[in-house]
Amino acid sequence: MSNNMAKIADARKTVEQLKLEVNIERMMISKAAAELMSYCESHAKEDPLLTPVPSSENPFREKKIFCVIL
Amino acid sequence: MRSPLIPEMATQEVQLNETLAHLKTESETLKTKLEEERAKLHDVELHQVAEKVEALGQFVMKTRRTLKGHGNKVLCMDWCKDKRRIVSSSQDGKVIVWDAFTTNKEHAVTMPCTWVMACAYAPSGCAVACGGLDNKCSVYPLSLDKNENLAAKKKSVAMHTNYLSACSFTNSDMQILTSSGDGTCALWDVESGQLLQSFHGHAADVLCLDLAPSETGNTFVSGGCDKKANVWDMRSGQCIQSFETHESDINSVRYYPSGDAFASGSDDATCRLYDLRADREVAIYSKESIIFGVSSVDFSLSGRLLFGGYNDYTINVWDVLKGTRVSILFGHENRVSTLRVSPDGTAFCTGSWDHTLRIWA
Chain V
1 MSNNMAKIAD ARKTVEQLKL EVNIERMMIS KAAAELMSYC ESHAKEDPLL TPVPSSENPF
61 REKKIFCVIL
Chain D
1 MRSPLIPEMA TQEVQLNETL AHLKTESETL KTKLEEERAK LHDVELHQVA EKVEALGQFV
61 MKTRRTLKGH GNKVLCMDWC KDKRRIVSSS QDGKVIVWDA FTTNKEHAVT MPCTWVMACA
121 YAPSGCAVAC GGLDNKCSVY PLSLDKNENL AAKKKSVAMH TNYLSACSFT NSDMQILTSS
181 GDGTCALWDV ESGQLLQSFH GHAADVLCLD LAPSETGNTF VSGGCDKKAN VWDMRSGQCI
241 QSFETHESDI NSVRYYPSGD AFASGSDDAT CRLYDLRADR EVAIYSKESI IFGVSSVDFS
301 LSGRLLFGGY NDYTINVWDV LKGTRVSILF GHENRVSTLR VSPDGTAFCT GSWDHTLRIW
361 A
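So the protein lines, in turn, are chains V and D.
Going by the UniProt record's numbering, the first sequence opens with residue 1, and the numbers climb by one from there.
Going by the UniProt record's numbering, the second sequence opens with residue 1, and the numbers climb by one from there.
A portion of the hints provided could be inaccurate.
Here are the simulated lysine-lysine pairs, BS3-like style, with alpha carbons at most 27 Å apart [what the hints assert, rightly or not]:
id: 1; chain 1: D; residue 1: Lys40; chain 2: V; residue 2: Lys31
id: 2; chain 1: D; residue 1: Lys24; chain 2: V; residue 2: Lys19
id: 3; chain 1: D; residue 1: Lys31; chain 2: V; residue 2: Lys7
id: 4; chain 1: D; residue 1: Lys94; chain 2: D; residue 2: Lys105
id: 5; chain 1: V; residue 1: Lys7; chain 2: D; residue 2: Lys33
id: 6; chain 1: D; residue 1: Lys24; chain 2: V; residue 2: Lys7
id: 7; chain 1: D; residue 1: Lys155; chain 2: V; residue 2: Lys31
id: 8; chain 1: D; residue 1: Lys155; chain 2: D; residue 2: Lys105
Residues from chain V that face chain D, not an exhaustive set, calculated with beta carbons under 7 Å [unchecked claim]:
id: 9; residue: Met27
id: 10; residue: Leu49
id: 11; residue: Phe60
Just so you know, the hints here were simulated from the structure itself, not pulled from any lab data.
Glycine included, C-beta positions come from ideal geometry on N, C-alpha and C.
Using the sequences and the hints given, assemble the complete structure.
Below, the structure is given as structure tokens:
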């Protein structure tokens with residue numbers, strides 16, 4: 001019987017959780033997508049992997065060999 | 001099942017069963033309602049909206065550095081905020097701190113367990129956290145003295161009842177967020193080791209987590225073997241949103257740089273994008289030819305590119321908006337197990353079961 005009580009407690013929690021999730025405010029995909037796109041566009045120039053900067057400015061692409069002073 | 005001996009107990013048992021059945025029906029009805037509400041927003045696909053965006057050119061990305069030194073599979077890595085140091089952990093129990101510019105090893109710690117599945121760099125750059133099969137997350141302050149035994153200053157912070165799968169410092173060195181095979185996530189105070197908040201809701205092992213960018217507030221996302229990605233409120237412990245569209249374990253989750261969406265990588269060989277304000281999946285990154293699981297995902301700085309490390313040894317680079325693959329990178333000789341873009345976006349690092357780490361740019 002206590003097993004059933006535990007199951008009921010779990011089931012109640014699931015129902016409460018679902019009620020919360022159903023009731024949140026949502027945005028249309030067209031609007032959400034537009035915002036994702038505009039973020040990409042406004043940050044594109046600062047993205048070194050997207051808009052390659054001159055090799056001299058990307059420390060990993062530099063041809064210089066680093067010497068370690070022992 | 002033992003039958004009740006007394007008639008009153010029989011009636012109570014029947015009533016409890018009825019309540020349970022009623023709650024289950026209510027659950028199912030709510031789940032259907034949730035799907036209906038989400039479907040109402042589906043006026044267009046992301047890639048349709050992105051048709052007007054310029055296509056990306058050819059990408060030339062290759063291995064610029066190879067970090068050799070681990071004796072077994074590399075399981076996890078993290079960048080330091082200084083954009084050049086990296087911490088990595090391995091199945092051989094070693095945690096190594098590297099200078100990615102020079103490929104020199106700066107520190108090495110041997111953990112008391114094998115399979116160190118999680119490691120993270122502290123925001124200050126002065127400590128690293130790690131853990132795995134020991135079910136704990138420990139913090140090691142990094143000493144400037146290379147000869148000092150780091151293990152001596154080790155601080156045990158988190159205690160789970162199963163393996164540690166992921167860990168991350170929050171905005172400061174003072175708090176750590178962990179996820180575990182015990183199905184929970186937890187927030188800990190580093191100094192005292194006290195549990196500040198626990199997060200219950202996954203029905204199986206939690207495999208990954210990512211904190212929302214600080215501007216977005218106190219939330220984080222987790223992914224697990226129950227195929228669910230859950231978004232949590234760090235203060236209340238409440239699960240705010242839950243997404244279940246993957247067909248297998250979710251191995252990696254990562255927030256989009258604006259904090260309005262997150263990507264996931266799964267054993268079902270797909271990466272997916274979920275928009276938090278639309279409360280639904282908005283893109284799937286997949287190809288019929290890609291049949292091996294994704295172990296790790298991360299975005300480029302602008303969010304336009306999504307890098308995925310796969311179990312077929314490759315890295316696939318996706319155009320996040322258009323949903324197409326822009327590049328496939330070869331180099332590792334075994335599964336790619338971990339992938340992170342550097343803090344300033346100039347490169348990304350991968351770790352592999354081939355014992356090495358590679359820096360790509």
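Verification of the hints:
A threshold of 27 Å between alpha carbons decides the hint, and for D/Lys40 with V/Lys31 the separation of about 13 Å falls inside it, so the pair holds. Between D/Lys24 and V/Lys19 the alpha-carbon distance is near 13 Å, which keeps this suggested pair within the 27 Å criterion. For the hint pairing D/Lys31 with V/Lys7, the CA-to-CA distance comes to about 19 Å; that is within 27 Å, so the pair holds. About 12 Å separates the Cα atoms of D/Lys94 and D/Lys105, which keeps this hinted pair within 27 Å; it holds.
For the hint linking V/Lys7 to D/Lys33, the alpha-carbon distance of about 23 Å falls within 27 Å, and the restraint holds. At roughly 10 Å between alpha-carbon atoms, D/Lys24 and V/Lys7 fall within 27 Å of each other, so this suggested pair holds. Restraint check: the Cα-Cα separation between D/Lys155 and V/Lys31 comes to about 47 Å, which exceeds 27 Å; the hinted pair is violated. With a C-alpha separation of about 22 Å, the suggested pair D/Lys155 and D/Lys105 falls inside the 27 Å cut-off, and the hint holds.
At its closest, the beta carbon of V/Met27 sits 4 Å from a beta carbon of chain D; the interface hint therefore holds under the 7 Å criterion. For V/Leu49, the shortest C-beta to C-beta distance to chain D is roughly 5 Å, which falls under 7 Å, so the interface hint holds. The restraint placing V/Phe60 at the interface with chain D holds, with a minimum CB-CB distance near 4 Å, inside the 7 Å limit.
Hint 7 from the list above is the single one not met by this structure.
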